[in-house]
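A.B. asks: The listed protein sequences correspond, in order, to chains A and B. According to this note's numbering, the residues represented by the first sequence are 20 to 323, in order. According to this note's numbering, the residues represented by the second sequence are 9 to 267, in order.
Please keep in mind that the hints were generated in silico from the structure rather than gathered at the bench. Glycine residues also receive a C-beta, built at the ideal position from the N, C-alpha and C atoms. Check the hints yourself; a few may be wrong.
[Claimed, not checked] Pulled from the structure, derived: some chain A residues nowhere near chain B, Cβ distances all over 10 Å: (1) Met104; (2) Gly158; (3) Asn171; (4) Ala240; (5) Gln249; (6) Pro289.
[What the hints assert, rightly or not] The calculated label-pair distances, taken between Cβ atoms and stated as ranges, are: (7) A:Glu130 / B:Ala239: 40 to 48 Å; (8) B:His11 / A:Glu79: 20 to 28 Å; (9) B:Gln212 / A:Glu79: 56 to 64 Å; (10) A:Arg89 / B:Thr240: 35 to 43 Å; (11) A:Gly41 / B:Ala97: 16 to 24 Å; (12) A:Gly59 / B:Ala97: 49 to 57 Å; (13) A:Asn143 / B:Ser18: 54 to 62 Å; (14) B:Leu241 / A:Asn28: 34 to 42 Å; (15) B:Thr38 / A:Glu93: 27 to 35 Å; (16) B:Gln212 / A:Gly59: 51 to 59 Å; (17) B:Leu17 / A:Gly41: 22 to 30 Å.
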Amino acid sequence: MSAVISAQNLRKSYARQEVVSGVSITINKGECFGLLGPNGAGKTTTLRLLLGLIAPDGGELELLGEPVPRHAREARLRVGVVPQMDNLDPDFTVAENLLVYGRYFGMKDSEIEARIPALLEFANLTHKKDAKIPTLSGGMKRRLTLARALVNDPEIIFLDEPTTGLDPQARHLIWQRLRELTQQGKTLLLTTHFMDEAERLCHRLAILDQGRIISEGSPRALISQHIEPQVVEVFGERAGQWARENAAHYAGRFEVSGETAFCYVSDAQPLLAHLQGHGELRYLHRPANLEDVFLKLTGREMRE
Amino acid sequence: MNHFSLPRLSLRFIPIWRRHFLVWKKVAATSIIGHLADPIIYLLGLGYGLGSLLPEMGGTSYMVFLAAGTVCYSTMNSASFEALYSGFARMHEQRTWEAILNTPVTLDDVVLAEILWAASKSLMAGMAVILVIWLLGLSHSPLSLWLIPLSLLAGLCFASIGLIMTALAPGYDFFMYYFTLVITPMMLLCGVFFPVTQLPPLLQTVSAILPLSHAVDIARPLLNGALPPGATLHIAALAGYAAAGFYVSLVLFRRRLSR
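Kindly generate the complete structure, drawing on both the sequences and the hints.
C.D. replies: Here it is as structure tokens:
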């Protein structure tokens, strides 16, 4: 496998505060790579560094074989970007947005126009070809932004929180499209704070906190590396008191957050048998997931 | 990526200019009517109203005197509005620049396109006034055709200066300062409505360095069929303002957008 993004020890400070503190990432061709992290962890700044939109204070970086930021322009010819906030042109129709955007890549109008029908079909927007942007729903705008990022047939697509603010139907459609792109051999780099999204889509991911990568690997590997395989969530008014008195007896590790006690166990049977005898407590038994890893590594406190 | 490095110019501004033009095309009819109606109203209103009280000014009728000023302030206004309000909308509110900068286009290209587009709007505004001047029979000299390239040059100058404000602006309200403290005084000090010689000496000195004066000093003789004295200096001054404004605004935009 060949690396399409390779970054070593990237650093970036704003106003003497280091936002990215030595990030190293290697992403291989055809991979879907996720960058997870709480708000303010440095995800968007890392993406901007990788795209060559800002210059790092230190570190080495290659994007598609080009040194960045020195040859960022050449590299970005072969990259598509789905930004966090919609920035479609509100004065234009759906098709005009694609045409105008393709021109920024130096494409001829005829070349772009030949690609538009397939892009619209990919985005399920064929029937909206001549619609103005303000008339589109949030999901349609996101799909158009994704189609716009594909106008130059890029090798890598950067997606900054691609499904934030979308309803479940719209999210599932985006996920399906992203899977199609990886099947076509495209490399995807996405940031998200939806753990189910990362678990479903990403081959590999890195958890970023306070500007550093604190863990990296496949979703399964991260779960098995950091978390016991089973989780029993016990909730209700008396869950906290119950946990303080009993949880340590049944679970190697437990945490109380609000009115929920999270018990991490290898074998859930003894705990479940105990809980069946306490009708006043409700509980949920489930396999460990990426969210458990994320919360263990980055803590439960709010980041604001 | 040093903020102070010189602008790197390329032809990549063309697709951005075309984007702005395509947006304009959708409201072209309204825009053109505005460009034509505004000078007609001013020239006829002030020209007949004030002109009947002031039978002659600078050796011509007041309406002819006012015509040269109207060409210049129209180009100033249209470039300034485009660079400030529309430019800010594209940079900040609509995030159009952000979308463009994710492609192989650089900030230098984006800022150059803004200046050239705002200057294009000046060119249209200037041509509309010149058309009105001809229709009203206020100038019969073929030299008045030179006001067309002058509109473009003045547009480049005022667009570049205006973009400095756009780069510094926290919001739209900020532009009030520029219009009240820069644009309006320039309109009154630079010989648009009355000869600069009517001003006290100190204000005449101030007037002489303002860009609008240089434009008016070129435009007025040309409309009367004479070659403007000191034209090279005036052209150099306008071009100098344009170049300096481009560089300063680019440095400020680089700083603002690298955060």
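A.B. asks: Each of the hints needs a verdict: does it hold here or not?
C.D. replies: Status of the hints after comparison with the structure:
The claim that Met104 of chain A lies off the interface is violated: its Cβ sits roughly 6 Å from the closest Cβ of chain B, which falls inside the 10 Å cut-off. A cut-off of 10 Å between C-beta atoms confirms that Gly158 of chain A is not in contact with chain B; the least separation is 19 Å. For Asn171 of chain A, the non-interface assignment is contradicted: its Cβ lies about 8 Å from the closest Cβ of chain B, within the 10 Å cut-off. The beta carbon of Ala240 of chain A sits about 32 Å from the closest Cβ of chain B, which is more than 10 Å, so the claim that it is off the interface holds.
For Gln249 of chain A, the shortest C-beta to C-beta distance to chain B comes to about 43 Å, beyond the 10 Å cut-off, and the non-interface label holds. Residue placement check: Pro289 of chain A keeps its beta carbon more than 10 Å from all beta carbons of chain B (closest about 54 Å). Remark: the range hint 40 to 48 Å for Glu130 of chain A to Ala239 of chain B is upheld by a beta-carbon distance near 46 Å. In this structure, His11 of chain B and Glu79 of chain A meet the distance hint of 20 to 28 Å, their C-beta atoms being roughly 22 Å apart.
For Gln212 of chain B paired with Glu79 of chain A, a C-beta distance near 60 Å keeps the hint of 56 to 64 Å intact. The hint said 35 to 43 Å for the Cβ distance between Arg89 of chain A and Thr240 of chain B, and at roughly 41 Å that hint holds. Under the hint 16 to 24 Å, the C-beta atoms of Gly41 of chain A and Ala97 of chain B, about 38 Å apart, miss the expected range. The beta-carbon spacing between Gly59 of chain A and Ala97 of chain B, approximately 28 Å, falls outside the hinted interval of 49 to 57 Å.
Judged by the Cβ atoms, the range 54 to 62 Å given for Asn143 of chain A and Ser18 of chain B is violated: they are separated by roughly 36 Å. Between Leu241 of chain B and Asn28 of chain A the beta carbon distance is about 55 Å. The supplied range of 34 to 42 Å is therefore violated. Distance hint for Thr38 of chain B and Glu93 of chain A: a CB-CB separation of about 41 Å, inconsistent with the stated range 27 to 35 Å. A hinted range of 51 to 59 Å holds for the C-beta pair Gln212 of chain B and Gly59 of chain A, which are about 56 Å apart.
Evaluation of the 22 to 30 Å hint for Leu17 of chain B and Gly41 of chain A yields a failure: the beta carbon distance comes to about 36 Å.
Of the hints listed earlier, those the structure fails to meet are numbers 1, 3, 11, 12, 13, 14, 15, 17, in rising order.
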